[in-house]
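Peer 1: Here's the letter readout for the chains.
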Amino acid sequence: MKILVPVKRVVDYNVKVRVKSDGTGVETAGVKMSMNPFDEIAVEEAVRLKEKGIATEIVAVSLGIAACAETIRTALAMGADRGILVETDVDLQPLAVAKLLKALADREQPKLMILGKQAIDDDMNATGQMLAALLGWPQGTFASKLTFENDGLTVTREVDGGLETVALTLPAIVTTDLRLNEPRYASLPNIMKARKKPIENLKPADLGVDPTPRLKVVKVVEPVKRKAGAKVASVAELVMKLRTEAKVI
Amino acid sequence: MTALVLLDHDGSAIKQPARSAVAAALKLGEVHVLVVGHNVAAAAEAAGKLPGVAKVLLADHAAFAHALAEPLAALLVSLAPRYDHLLAAATAAGKNVLPRVAALLDVQPISDIAEVIDADTFVRPIYAGNALATVRSSDAKKVITVRAASFDPVAAEGGSAPVETVAVPDLPAMSRFVSAELSRSERPELTAARVVISGGRGMQSGENFKLIEPIADKLGAAVGASRAAVDAGFVPNDYQVGQTGKIVAPDLYVAIGISGAIQHLAGMKDSKVIVAINKDEEAPIFQVADYGLVADLFKALPELAAELEKG
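Chains as they are written, first to last, in my numbering: chain A, 1 to 249; chain B, 1 to 311.
No lab work stands behind these hints, which were simulated from the structure alone. Treat the numbers as computed from the prediction; the structure is a model and nothing was measured. No incorrect hints appear here.
Derived list of chain B stretches under chain A, where covered just means 3 residues or more per stretch with a C-beta under 8 Å from a C-beta of chain A:
| # | segment |
| --- | --- |
| 1 | 130-139 |
| 2 | 251-265 |
Some chain B residues flagged as far from chain A (calculated, every beta-carbon gap over 10 Å):
| # | residue |
| --- | --- |
| 3 | Thr2 |
| 4 | Gly11 |
| 5 | Glu30 |
| 6 | Phe64 |
| 7 | Ala156 |
| 8 | Ala167 |
| 9 | Val168 |
| 10 | Gln204 |
| 11 | Leu211 |
The beta-carbon is built from N, C-alpha and C at its ideal position, and this holds for glycine as well.
Start from the sequences, fold in the hints, and give me the full structure.
Peer 2: Structure below.
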């Protein structure tokens with residue numbers, strides 16, 4: 001089966017972001033960018049399915065500015081076969097992303113699409129569910145385990161009370177949670193090989209999608225900072241202060 | 001303006017995050033609530049008692065027994081024409097279904113709102129809560145999930161709204177519930193507890209979480225964990241507090257053996273009082289803690305249990 005894996009270029013998870021002084025967003029100039037960590041898990045899962053002989057081809061897709069090609073290269077170095085970049089300078093929001101991915105799915109006809117459950121920049125947690133809706137496919141969100149049997153897929157999901165397992169017909173959408181796998185580091189030979197793998201370049205108009213954002217960002221501010229409190233010298237002092245000063249116990 | 005809130009419930013009671021979502025919706029106008037499930041008349045009755053709710057919609061059908069996203073989204077879409085806002089708490093269930101509804105309505109959802117400015121404008125955390133974005137929607141209808149920790153829940157009792165049974169539309173059958181493995185605990189739920197005690201990598205093993213139990217018993221606390229502790233297999237995934245786990249804002253949060261990565265702080269920094277116990281005095285958790293104790297937790301936890309006993 002063919003698997004499509006969308007990958008997003010985001011500010012690296014180790015970077016402490018700074019809000020721009022004009023309140024229009026966060027500073028991304030000169031900041032280290034990486035593949036969204038949940039998307040790395042998605043690529044890893046697809047590669048493992050290919051290694052097990054379940055997947056036949058993995059297509060990595062990224063949407064955004066030209067530099068997103070680097071994120072696709074990372075996926076190719078991990079084991080994806082080819083890439084598609086949908087290039088645009090527009091600030092893409094999940095609805096537009098889902099529409100673009102639906103158009104690509106209509107063209108590529110994958111049996112499975114694996115997405116990160118959430119991008120660590122906008123923290124929306126929406127694209128996979130929206131894509132499933134637009135395609136009329138079932139969804140297995142927040143996945144911690146995938147099992148293929150006969151014509152279907154069972155997905156174990158991380159839910160508020162523990163774990164839940166659902167069975168889905170294929171084609172289907174899966175979104176990854178943290179415990180699905182531990183992504184590999186690309187080896188140097190694989191990074192070299194990835195340079196020769198093809199990346200197709202498209203524009204939103206080629207896919208007949210209007211990517212105009214529906215949410216206008218009015219302003220972005222820093223949250224009120226918590227002040228560090230005081231150190232206490234002993235457990236007895238801690239309990240006394242919680243009782244008499246903070247009055248929370 | 002009328003808003004519809006999809007409620008999280010356990011078959012009889014309405015969960016606290018859902019009551020916070022109702023509180024957010026009340027800032028928008030008239031509020032109707034939706035109870036979905038199988039044999040859940042008791043939950044609909046409980047929903048009618050929520051103060052401020054004008055009407056309860058009940059959809060009772062075997063296909064809704066496990067809140068699968070596909071049939072649930074179809075139901076919400078069938079009800080959407082009557083409403084200006086569709087909301088749910090940003091729980092695993094709410095996050096699963098509301099974006100699906102939004103796409104079917106050609107709407108960009110607004111996830112995890114922390115503040116209502118007006119009918120179109122909301123504040124939501126981005127970058128693990130390191131920035132707050134004010135966003136204005138140009139969609140005619142809004143589809144919203146609510147960060148429960150940011151809104152004081154409405155009370156469980158006090159209202160008396162009528163219950164109306166709604167027609168169930170044709171439902172898609174592309175997914176099937178297989179099984180659930182839910183953590184059983186006598187303790188309060190993490191997102192509803194007044195006190196939360198979380199352990200991190202410093203706990204060293206799942207066995208050592210037993211040291212937290214007498215303290216949690218004494219304080220009526222829920223027990224949570226950092227991602228490191230969950231990844232190491234000390235405790236189940238549903239214990240995780242953080243950017244991609246549960247967001248909590250209890251009166252008292254006690255972080256034990258947790259260094260304080262920004263992803264963890266994202267899940268607890270709105271707690272009223274934060275206590276950190278860590279042997280590394282440089283640990284970043286101390287920068288947000290109201291009370292910090294630099295100590296070996298294996299010594300401090302038994303002492304803390306004993307000190308609370310004296311109370």
